[in-house]
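Chemist: Sequence:
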Amino acid sequence: MSEQALRSPSSSLEKLRQGARKLFVEQGYHNTRPQDIARESGVASGTFYIHFADKKEAFLDFAEQAQADLLREYTINLDGVSGHRNRWRVICNTVVEFSIQNPGVLQAAFLDPVFIAPNDENAWRLYDRLGRFVEMAMDHSDSDSKMLVDYDTELISHALCGMLRHAMVYASRKKMDRDKMIDDLSLFIDRGLGGR
62 MSEQALRSPS SSLEKLRQGA RKLFVEQGYH NTRPQDIARE SGVASGTFYI HFADKKEAFL
122 DFAEQAQADL LREYTINLDG VSGHRNRWRV ICNTVVEFSI QNPGVLQAAF LDPVFIAPND
182 ENAWRLYDRL GRFVEMAMDH SDSDSKMLVD YDTELISHAL CGMLRHAMVY ASRKKMDRDK
242 MIDDLSLFID RGLGGR
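Each number in my numbering comes from the position in the sequence shown (counting from 1) with 61 added on.
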């Protein structure tokens, strides 16, 4: 985000973020223009450039905001939950619920940044943010400490993200019972990482 936007955040920034989110999800990155975002947001076209240098910067901001929303949901939903399988169940349920409440956002915000900005370290930072969610599932017992040594948790997190994405597509297509899907996935993940 531009220095000027950081100095003077305003309601126009929030309007632009809402408009960008809507258009990036509905139309995709390539079919969305800065002037479309401004129009959708109800602000003048020049206002876009007060807050963002270009469309790529607006997209990366959208991705960061969406990821922060999901991570906040994880934190809230995991509070007070103990036991690996229970924590995995909460994580799987949170992803499913987030995708229902925010259709199209997971795909756009979590997978597209590195395709849109492959040479931008900020895009890769957002992508690698996914690589930390296994650590969120840990309840930091002695067995968890051993697991963190046994595995590259970022690698496992990325693998699980891909698995969850494909599993959710499959479950939706087959009209699978949501609770059954979450139970099966959480049991599989827990057992695969050494749970009982």
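Hints are computed from structural coordinates only; laboratory data are not their basis. Be a bit skeptical, because a hint or two may be false.
As the list claims (entries may be wrong) - When the alpha-carbon atoms are kept at most 25 angstroms apart in a straight line, the in silico DSS-like pairs for lysine-lysine are as follows: (1) K83 - K116; (2) K117 - K76; (3) K76 - K116; (4) K117 - K83.
Chemist: Taking the hints in turn, state whether each one holds.
Modeler: Quick rundown of the hints versus the structure:
no.: 1; hint: K83 - K116; verdict: 14 angstroms, holds
no.: 2; hint: K117 - K76; verdict: 17 angstroms, holds
no.: 3; hint: K76 - K116; verdict: 15 angstroms, holds
no.: 4; hint: K117 - K83; verdict: 15 angstroms, holds
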